Amino acid sequence: GQQVMQIPQYQHVQEGEDFTTYCNSSTTLSNIQWYKQRPGGHPVFLIQLVKSGEVKKQKRLTFQFGEAKKNSSLHITATQTTDVGTYFCAVASGGSYIPTFGRGTSLIVHP
Amino acid sequence: DVKVTQSSRYLVKRTGEKVFLECVQDMDHENMFWYRQDPGLGLRLIYFSYDVKMKEKGDIPEGYSVSREKKERFSLILESASTNQTSMYLCASSLFFSAHYEQYFGPGTRLTVT
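The listed protein sequences correspond, in order, to chains A and B. Counting in this note's numbering, the first sequence tops out at residue 114, every number present. Counting in this note's numbering, the second sequence tops out at residue 121, every number present.
In case anyone wonders, no lab produced these hints; they're calculated from the structure. Incorrect hints may have been included.
[What the hints assert, rightly or not] Simulated pairs of lysine-lysine, DSSO-like, Cα-Cα distance not exceeding 27 Å:
#, chain 1, residue 1, chain 2, residue 2
1, B, Lys64, A, Lys39
2, A, Lys39, A, Lys73
3, A, Lys54, A, Lys73
4, A, Lys54, A, Lys39
5, B, Lys77, B, Lys25
6, B, Lys77, B, Lys64
7, A, Lys73, A, Lys60
8, B, Lys77, B, Lys62
9, A, Lys39, B, Lys10
10, A, Lys62, B, Lys64
11, A, Lys73, A, Lys62
12, B, Lys64, A, Lys73
Only a predicted model underlies this, so the values are computations on that prediction, with no experimental measurement involved.
Required output: the full structure, derived from the provided sequences and hints.
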């Protein structure tokens with residue numbers, strides 16, 4: 004299936020620091036979705052990006068889709084302990100009907 | 008709200024047993040998926056189904072089979088459980104057969120094979 008690399012695998016931050024996770028593909032993507040999984044929970048959809056260069060915001064979360072539609076980032080400003088969890092990207096390209104999930108970035112926030 | 012339910016949160020089975028994991032969604036979604044989640048490996052797709060009685064292999068189908076006799080229900084079957092199938096199993100559904108629709112996940116079943 005589609006290859007997608009998500010970095011970093013883990014990120015420790017102090018509460019109040021910013022956090023960014025990246026999702027990179029070698030092929031042009033048709034869309035990218037981001038999910039969050041709290042510890043002990045299941046993945047929950049956050050957002051979808053479709054257009055080249057698209058930027059969307061949800062409170063302290065900023066999602067970007069690269070101009071070439073090959074990469075994306077999720078940035079959290081001033082992390083809080085409620086941000087703890089694993090963030091996954093899910094990508095699709097060409098005529099694929101099923102998205103491929105990245106391996107996720109686990110965010111640990113120290114109070 | 009879409010609800011995806013899975014038959015068990017925790018399951019312990021012995022090697023060689025036949026194991027059934029059940030998933031039910033209540034929003035008339037066309038697509039249903041089975042993933043397994045292992046530390047550091049993310050979500051890996053086992054099988055998916057885009058319609059009743061239709062099934063397609065995902066990335067890691069070996070050792071698994073599926074059944075979808077009704078639109079709302081998707082079952083994962085381990086014909087002869089092995090210890091390397093110890094994992095978290097997540098079921099998901101989405102509205103249409105397209106990568107542009109978000110997936111709704113169930114709470115997961117943590118399976119231990121001893």
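Quiz item: Holds or violated: are the alpha carbons of A/Lys54 and A/Lys73 at most 27 Å from each other?
Solution: 11 Å, holds
Quiz item: Holds or violated: B/Lys77 with B/Lys64, Cα cutoff 27 Å?
Solution: 19 Å, holds
Quiz item: Are B/Lys77 and B/Lys25 close enough, with their CA atoms no more than 27 Å apart?
Solution: At roughly 21 Å apart (the allowed maximum being 27 Å), B/Lys25 and B/Lys77 satisfy the hint.
Quiz item: Between A/Lys39 and B/Lys10, does the CA-CA distance stay at or below 27 Å?
Solution: 17 Å, holds
Quiz item: Under the criterion that the straight-line Cα-Cα distance not exceed 27 Å, is the pair A/Lys39, A/Lys73 satisfied?
Solution: 21 Å, holds
Quiz item: Within 27 Å, alpha carbon to alpha carbon, are B/Lys64 and A/Lys39?
Solution: Answer holds: B/Lys64 to A/Lys39 is near 25 Å, not above 27 Å.
Practice problem: Assess, step by step, whether the Cα of A/Lys62 is no farther than 27 Å from the Cα of B/Lys64, and give holds or violated. | Solution: 38 Å, violated
Quiz item: Taking 27 Å as the top limit, are the C-alpha atoms of A/Lys54 and A/Lys39 close enough?
Solution: Roughly 21 Å separates the two Cα atoms, so the pair holds.
Quiz item: Do the alpha carbons of B/Lys77 and B/Lys62 lie within 27 Å of each other, as the hint requires?
Solution: 12 Å, holds
Quiz item: Is it true that the CA of B/Lys64 sits at most 27 Å from the CA of A/Lys73?
Solution: 26 Å, holds
Practice problem: Assess, step by step, whether the Cα of A/Lys73 is no farther than 27 Å from the Cα of A/Lys62, and give holds or violated. | Solution: 25 Å, holds
Exercise. Decide if the proposed pair is consistent with the structure: A/Lys73 and A/Lys60, CA atoms, cutoff 27 Å inclusive.
Key: 20 Å, holds
When each numbered hint is compared with the structure, a violation occurs for hint 10 only.
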